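Once you've looked at the hints, dock chain X with the ligand against the given chain H.
For the record, the sequence lines run as chains H and X. Mapping the first sequence onto this note's numbering, position 42 (from 1) lands on 42, and the numbers just tick up by one. Mapping the second sequence onto this note's numbering, position 109 (from 1) lands on 109, and the numbers just tick up by one.
No incorrect hints appear here.
Cβ pair distances, simulated, as ranges:
no.: 1; chain 1: H; residue 1: Glu289; chain 2: X; residue 2: Thr68; range: 30 to 36 Å
no.: 2; chain 1: X; residue 1: Glu31; chain 2: H; residue 2: Leu118; range: 41 to 47 Å
no.: 3; chain 1: X; residue 1: Trp130; chain 2: H; residue 2: His117; range: 36 to 42 Å
no.: 4; chain 1: X; residue 1: Thr63; chain 2: H; residue 2: Glu69; range: 38 to 44 Å
no.: 5; chain 1: H; residue 1: Ser13; chain 2: X; residue 2: Ala81; range: 41 to 47 Å
no.: 6; chain 1: H; residue 1: Ser6; chain 2: X; residue 2: Ala8; range: 48 to 54 Å
no.: 7; chain 1: X; residue 1: Ser42; chain 2: H; residue 2: Leu16; range: 52 to 58 Å
no.: 8; chain 1: H; residue 1: Lys231; chain 2: X; residue 2: Asn94; range: 56 to 62 Å
Pairs of lysine-lysine, DSSO-like flavour, derived with a Cα cap of 30 Å:
no.: 9; chain 1: H; residue 1: Lys205; chain 2: X; residue 2: Lys30
no.: 10; chain 1: X; residue 1: Lys146; chain 2: H; residue 2: Lys135
no.: 11; chain 1: H; residue 1: Lys47; chain 2: H; residue 2: Lys205
no.: 12; chain 1: H; residue 1: Lys205; chain 2: X; residue 2: Lys98
no.: 13; chain 1: H; residue 1: Lys345; chain 2: H; residue 2: Lys220
no.: 14; chain 1: H; residue 1: Lys351; chain 2: X; residue 2: Lys132
no.: 15; chain 1: H; residue 1: Lys210; chain 2: X; residue 2: Lys133
no.: 16; chain 1: X; residue 1: Lys69; chain 2: H; residue 2: Lys205
no.: 17; chain 1: H; residue 1: Lys135; chain 2: X; residue 2: Lys138
no.: 18; chain 1: H; residue 1: Lys115; chain 2: H; residue 2: Lys88
no.: 19; chain 1: X; residue 1: Lys30; chain 2: H; residue 2: Lys210
no.: 20; chain 1: H; residue 1: Lys56; chain 2: X; residue 2: Lys146
no.: 21; chain 1: H; residue 1: Lys210; chain 2: H; residue 2: Lys135
no.: 22; chain 1: H; residue 1: Lys219; chain 2: X; residue 2: Lys30
no.: 23; chain 1: X; residue 1: Lys98; chain 2: H; residue 2: Lys66
no.: 24; chain 1: H; residue 1: Lys56; chain 2: X; residue 2: Lys69
no.: 25; chain 1: X; residue 1: Lys133; chain 2: H; residue 2: Lys47
no.: 26; chain 1: H; residue 1: Lys88; chain 2: X; residue 2: Lys146
no.: 27; chain 1: X; residue 1: Lys128; chain 2: H; residue 2: Lys135
no.: 28; chain 1: H; residue 1: Lys47; chain 2: X; residue 2: Lys132
no.: 29; chain 1: X; residue 1: Lys146; chain 2: X; residue 2: Lys128
If you are wondering where the hints come from, they were derived from the structure by calculation, not from laboratory data. Keep in mind the model is a prediction, meaning the values are calculated, not measured. Glycine included, each C-beta is placed from N, C-alpha and C at the ideal position.
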Amino acid sequence: MAVPVSQAWTVASYVLKQKLKGRKRYPLVLMLEPLFRCNLACAGCGKIQYPAHILKAELTPEECFKAVEECGTPMVAIPGGEPLLHPKMPEIVAGLVARKKYVYMCTNALLLKEKLHLFKPSKYLSFSVHVDGQKEHHDFAVCREGGHDIAMEGVRAAVAAGFRVTTNTTLFDGADPNSVRRHFDELMSAGVESMMVSPGYTYDKAPDQKHFLGRARSKKLFRAILSNRKKSWQFNASPMFMEFLMGKKDLKCTPWGMPTFSIFGWQKPCYLLQDGYADTFRELMETVEWSNYGTESGNPRCANCMVHSGYEASGVNYTFGSLKGMLETARAMFFGSYKDNGAMKLLNEWKPAQHGPLVQIAAAQQSNELQGVSGD
Amino acid sequence: MATEAQEAAKIEQLAHANPDEIEVAAGREKEQLEGWIPSLASEAETREALEKAFDYRGDITITRKDGTKVEGYLFDRRSGATLESSYARVIPTNSPEKVNVAYSDIAALAFSGRDTAAGKTFEAWVKKYWEKKAAGEKNIQIEPEKLD
Ligand code: SF4
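If we strip away everything but chain H, and leave its shape as in the complex, we get (with noise of 0.2 Å):
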């Protein structure tokens, strides 16, 4: 399993309840962002160009408690900035835990080995670690000689130190499906208890503005990595969102399923787009014109996005919206291992990206070792 039974426990129940109640729409995971400063500057974020005095702002843990309040979800991610550089955030964390919120403290780890001592182990905290790939790829993509190292030794240490620690790994264009295969390997091996992976966003304040996967690349990308998939791997995501970035099933936008809360507001719509800002949640879900958003929509901002932040509700909408979404969604669970021959052919023929020196050594180096992929 995943996450543990009661987590699962408390997000179904919460999902039926809101579904008996009749809510159109509801959100599911609050994504807090206490701050926006941070100890990496990644080529593919667009989250941390602010002036100095944005940068220095927080929000105070009664703020944070006061949106938890609000939205009302059972699950809270912490994203940011950089959660670990808050001075307040264990004292948010606790105060989150003891609301017996499911927290998904994202961070770089780059702090993690020294500030775990400030934090309890508890079933409702996991420090969910920003590891983009193996060495090079996350060297490479947080602009950082070294980072994988540290944020590995975070993890090992996190895990020692009995907490619940999953991953979270974001792709561009450029990403060797070979070398993610690995990098899975390596995370449960060190001991995580389940993996999230997902498509970068085109930010359009990102550095980097020619490196984002379009939906057909993702799905291909997606396809080779998460078919002929093995036992070992534990994944922290609806098994439909996944299928839906193998490009084996389609869903529509959920842009109201992670609402973010920030030092501006509740940001409008979702985690990614900003256009503008309320300053309740019901203003949030009263004031956004949903159906501008999603890539239905022909919104070009919208076009590319398979995010998680966008997509995951929806893969868990359609689990519990009919039988027939619970039974794909057990099948996927208990015999999902997507043999796919043409995703091994893929796999095997994939070419190393031609844009990133340090991808391509990488790539060149570990193209000598492949000699194909098989399950466990």
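For chain X with the ligand alone, kept in the frame of chain H given last:
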């Protein structure tokens, strides 16, 4: 909200391809807005300039018609039917309190702060990486900016 000119590459791409068939998604052309002082002579110019200010990742300076100034980050704008009912929302550089300024009160707007999203290309990082590597440096990275 980005303007159509800013999203031109994506709009052009979508004019020729179904989103599900796109291999590499178009990015965004960056506009040089730092230092810009737009003309606010008409309602259309005022609205367009404030949309750009909302999109801008640096501080701006608003001069009100009474001569007072607000310098800070324009994090939101609310567009109403008239300039009186439309307003810019700013977090000033010297205070965390959010300030609202009606569009009709704005005499001048300047993109006065540095554009924090400008000038850090991926290609520049790769080039710098190899230069530093050749010079024997270790632990090469793009440092986040100093905040003090
Ligand atoms: S498609 Fe992506 S960018 Fe558009 S609203 Fe949905 S999550 Fe946001």
